[in-house]
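> Take a look at the letters that make up each chain.
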Amino acid sequence: MSAAAEERNARAPWALTAPALMLFVGVLLIPLTMTVMLSFHDWGQYKGIEPVFILKNWKEIATDPYYAEMFWRTFRIAILTTLLTAVLGAPEAYILNRMSGRWKSFFLLVILGPLLISVVARTLGWALLFGGNNGLVNKLLMSLGAIRSPIPFMFTETGMVVALAHVMMPFMVLSVWAALQRLDPQIENAAMSLGAGPITIIRRIIMPQIMPGVLSGAIIVFSLSASAFATPAIIGGRRLKVAATLAYDEFLNTLNWPLGAAVATLLLVALVLIVVGSNALIERRYAEVFR
Amino acid sequence: MAYLELDRVAKQFGAQTVVDDFSLAVGKGEFISFLGPSGCGKTTTLQMIAGFLDPTRGAIRLEDKDLTAIHPAKRGLGIVFQSYALFPHMTAAENVAFGLEMRNVPRADKVERVRAALAMVGLAGFEDRHPRRMSGGQQQRVALARALVIKPSVLLLDEPLSNLDAKLREEMQIELRQIQRTIGTTTILVTHDQNEAMSLSDRIVVMSQGKIEQIGTPQETYEKPASAFVSQFLGKTNDFAGTIDRTITPARLVAGSWSAAAPTGLNGAVTVSIRPERIGFSDDGLSAKIITRIFQGNHWLFQCDSECGPAIVIRQNDGTLQPGEGEAVRLTWRPEDMSLRARAGA
Numbered sequence: 000m001s002a003a004a005e006e007r008n009a010r011a012p013w014a015l016t017a018p019a020l021m022l023f024v025g026v027l028l029i030p031l032t033m034t035v036m037l038s039f040h041d042w043g044q045y046k047g048i049e050p051v052f053i054l055k056n057w058k059e060i061a062t063d064p065y066y067a068e069m070f071w072r073t074f075r076i077a078i079l080t081t082l083l084t085a086v087l088g089a090p091e092a093y094i095l096n097r098m099s100g101r102w103k104s105f106f107l108l109v110i111l112g113p114l115l116i117s118v119v120a121r122t123l124g125w126a127l128l129f130g131g132n133n134g135l136v137n138k139l140l141m142s143l144g145a146i147r148s149p150i151p152f153m154f155t156e157t158g159m160v161v162a163l164a165h166v167m168m169p170f171m172v173l174s175v176w177a178a179l180q181r182l183d184p185q186i187e188n189a190a191m192s193l194g195a196g197p198i199t200i201i202r203r204i205i206m207p208q209i210m211p212g213v214l215s216g217a218i219i220v221f222s223l224s225a226s227a228f229a230t231p232a233i234i235g236g237r238r239l240k241v242a243a244t245l246a247y248d249e250f251l252n253t254l255n256w257p258l259g260a261a262v263a264t265l266l267l268v269a270l271v272l273i274v275v276g277s278n279a280l281i282e283r284r285y286a287e288v289f290r
Numbered sequence: 000m001a002y003l004e005l006d007r008v009a010k011q012f013g014a015q016t017v018v019d020d021f022s023l024a025v026g027k028g029e030f031i032s033f034l035g036p037s038g039c040g041k042t043t044t045l046q047m048i049a050g051f052l053d054p055t056r057g058a059i060r061l062e063d064k065d066l067t068a069i070h071p072a073k074r075g076l077g078i079v080f081q082s083y084a085l086f087p088h089m090t091a092a093e094n095v096a097f098g099l100e101m102r103n104v105p106r107a108d109k110v111e112r113v114r115a116a117l118a119m120v121g122l123a124g125f126e127d128r129h130p131r132r133m134s135g136g137q138q139q140r141v142a143l144a145r146a147l148v149i150k151p152s153v154l155l156l157d158e159p160l161s162n163l164d165a166k167l168r169e170e171m172q173i174e175l176r177q178i179q180r181t182i183g184t185t186t187i188l189v190t191h192d193q194n195e196a197m198s199l200s201d202r203i204v205v206m207s208q209g210k211i212e213q214i215g216t217p218q219e220t221y222e223k224p225a226s227a228f229v230s231q232f233l234g235k236t237n238d239f240a241g242t243i244d245r246t247i248t249p250a251r252l253v254a255g256s257w258s259a260a261a262p263t264g265l266n267g268a269v270t271v272s273i274r275p276e277r278i279g280f281s282d283d284g285l286s287a288k289i290i291t292r293i294f295q296g297n298h299w300l301f302q303c304d305s306e307c308g309p310a311i312v313i314r315q316n317d318g319t320l321q322p323g324e325g326e327a328v329r330l331t332w333r334p335e336d337m338s339l340r341a342r343a344g345a
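Protein chains in written order, with numbering that gives the first Met the number 0: chain A, 0 to 290; chain B, 0 to 345.
Hints listed in this document are in silico derivations from the structure and should not be mistaken for laboratory results.
C-beta: ideal position from N, C-alpha, C; glycine also.
It is possible that some hints are incorrect.
[Stated by the list, open to error] What follows is a list of derived Cβ distance ranges for each label pair:
| no. | chain 1 | residue 1 | chain 2 | residue 2 | range |
| --- | --- | --- | --- | --- | --- |
| 1 | B | Lys73 | A | Ser277 | 39 to 45 Å |
| 2 | B | Asp65 | A | Arg101 | 31 to 37 Å |
| 3 | B | Ile182 | A | Pro12 | 56 to 62 Å |
| 4 | B | Gln177 | A | Pro197 | 32 to 38 Å |
| 5 | B | Asn162 | A | Pro207 | 21 to 27 Å |
| 6 | A | Val268 | B | Glu111 | 52 to 58 Å |
| 7 | A | Pro12 | B | Arg176 | 38 to 44 Å |
| 8 | A | Leu267 | B | Val110 | 49 to 55 Å |
| 9 | B | Ile311 | A | Glu282 | 53 to 59 Å |
| 10 | A | Arg7 | B | Asp304 | 54 to 60 Å |
| 11 | A | Arg7 | B | Phe51 | 57 to 63 Å |
| 12 | B | Ile311 | A | Arg101 | 47 to 53 Å |
| 13 | B | Phe51 | A | Pro207 | 21 to 27 Å |
| 14 | B | Gly325 | A | Pro12 | 55 to 61 Å |
Just chain A, same shape as in the assembly:
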């Protein structure tokens, strides 16, 4: 090969990735850097944003217990949502995987179907069912005399966790489903021939092998729940704020962009640390299953 051709080949990968790289830099890297820089700017009711470098916003987040409580609530909701999807989603995927042909594809569609519907519509569905005295389920249960006052759902953490778990379920099911596909189809027969009963097979053979799937599903669900906006905004509203809704309010209602930017940056950094850290832990723990 001539030197010129070699040079051309060396440049080819860069040339081919340039459009994607430019998009990445233009719509992600630059705005992100600007947001981080914004969090160090000053803001006043009358003077607006001042492009100076101060730690005022960060000090406020660090010292005011309001922010600690709000971040703790965000992660508590995300953790509970993750647990709920794992506890329900893993068995769901396992049962789905054992179904025969036609039923399997039908129920897979049922599980994936909600992904085609907007998160807002799905969350409003929950509000219609449980929203105060007018919620369909609440009305029904009250008229049957099963409950005396409506089940509290709107503006509660429980409500948020339930609605978020519903929205996130497909991600968990798909992730566990993918892990189940990697299982040797004869593995249960092998365990059975060695004398293992159905519960032992699930506990000692299936569970350890789908655990990486459950955990990677958990990472997806956790990070999506912690940064979710639509569901907390509808169910929690202004009363029960989480990081995403707080950042939104700071930006669009208070117009304190620097403080909103600081909240958003902190959420991003915390999520990246948690996700990267748990991913490393999982990969080390399940090295043999991942290979």
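Based on these hints, arrange chain B on the given structure of chain A.
Here is chain B on its own, set in the frame of chain A:
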């Protein structure tokens, strides 16, 4: 008395009969192979013995007890799967120990038996390896140790060697046979490889389309195939159209220009089946022309065009001069080397 007995076993999936009228008596310590092309029902039969499938009809008995009434987990059979189905999250020792744990074998005894089983398959020192860090042959040995450590009443092997390369497969065949002889476990092997079936088994069950074609020792099935299917599936064979003429005395069997005294029994149109290595070149016999001559080291392979259609001849490379391509030859064989079947039509 039969140790393991299959009595007119049949399996249907919907309207499709996969195994039909399968009867077999296996003696204690015997090595049996189910041989046949894919889809002949051999794996289905094995799965019915294992209990993963229930027979539609018929009975399976082990030492006169009805095996189909026992849950697969309680049958105490050792099974080696085609994919090995090892537990990837457990080490080799943990894999082997699993069956013993299910039987609540005391710890000290368990450790010793796992060590002995891995040593028997030549994997001493590999106790702490995970299956994915082992070669195909090693995984195969772990699967064998895992099946044997529970001292199974019957060992079932489902195409265990088909994922290994040719050289390793041959080594494992020899080893498998030695292990089976040493511990004397009754063994059933499912395979589509006729060489594997012949070199390993005491008896071969040749199957085709869900039915048994022949049960016999490797030599019987090869030398005296019961059907055209068996003769073609086990090794290469030549089928020539012949006729038995009983109008003359003594009666003659004629195939082209080859003829011999007719055996008793058949009459009229017959198929003469003869193995390629039993045909020799001679001064008289079936006239043929050599189309290709292939040298294969220890033997020569000739493809000929004979007056009764294409013929294959294999001659030992004993140093004598062999005819070349395009030469006209006469093919002959001893009457006792051929097998005869009535020929439909004609």
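> Against each hint, give a clear statement of whether it holds in the structure.
Right, here's what the structure says about each hint:
1. B:Lys73 / A:Ser277: 39 to 45 Å: holds, 41 Å
2. B:Asp65 / A:Arg101: 31 to 37 Å: Roughly 35 Å apart at Cβ, these two residues keep to the hinted range, so it holds.
3. B:Ile182 / A:Pro12: 56 to 62 Å: Holds, at about 59 Å.
4. B:Gln177 / A:Pro197: 32 to 38 Å: holds, 37 Å
5. B:Asn162 / A:Pro207: 21 to 27 Å: Holds, since asparagine 162 (chain B) and proline 207 (chain A) (Cβ atoms, about 24 Å apart) stay within the stated range.
6. A:Val268 / B:Glu111: 52 to 58 Å: With a Cβ separation near 54 Å, valine 268 (chain A) and glutamate 111 (chain B) satisfy 52 to 58 Å, so the hint holds.
7. A:Pro12 / B:Arg176: 38 to 44 Å: Cβ of proline 12 (chain A) to Cβ of arginine 176 (chain B): about 55 Å, so the range 38 to 44 Å is violated.
8. A:Leu267 / B:Val110: 49 to 55 Å: holds, 51 Å
9. B:Ile311 / A:Glu282: 53 to 59 Å: holds, 57 Å
10. A:Arg7 / B:Asp304: 54 to 60 Å: For arginine 7 (chain A) and aspartate 304 (chain B) the Cβ distance comes to about 58 Å; the hint holds.
11. A:Arg7 / B:Phe51: 57 to 63 Å: holds, 59 Å
12. B:Ile311 / A:Arg101: 47 to 53 Å: At 49 Å between Cβs, range holds.
13. B:Phe51 / A:Pro207: 21 to 27 Å: Hint holds: Cβ distance 22 Å, inside 21 to 27 Å.
14. B:Gly325 / A:Pro12: 55 to 61 Å: holds, 59 Å
Of the hints listed earlier, the one the structure fails to meet is number 7.
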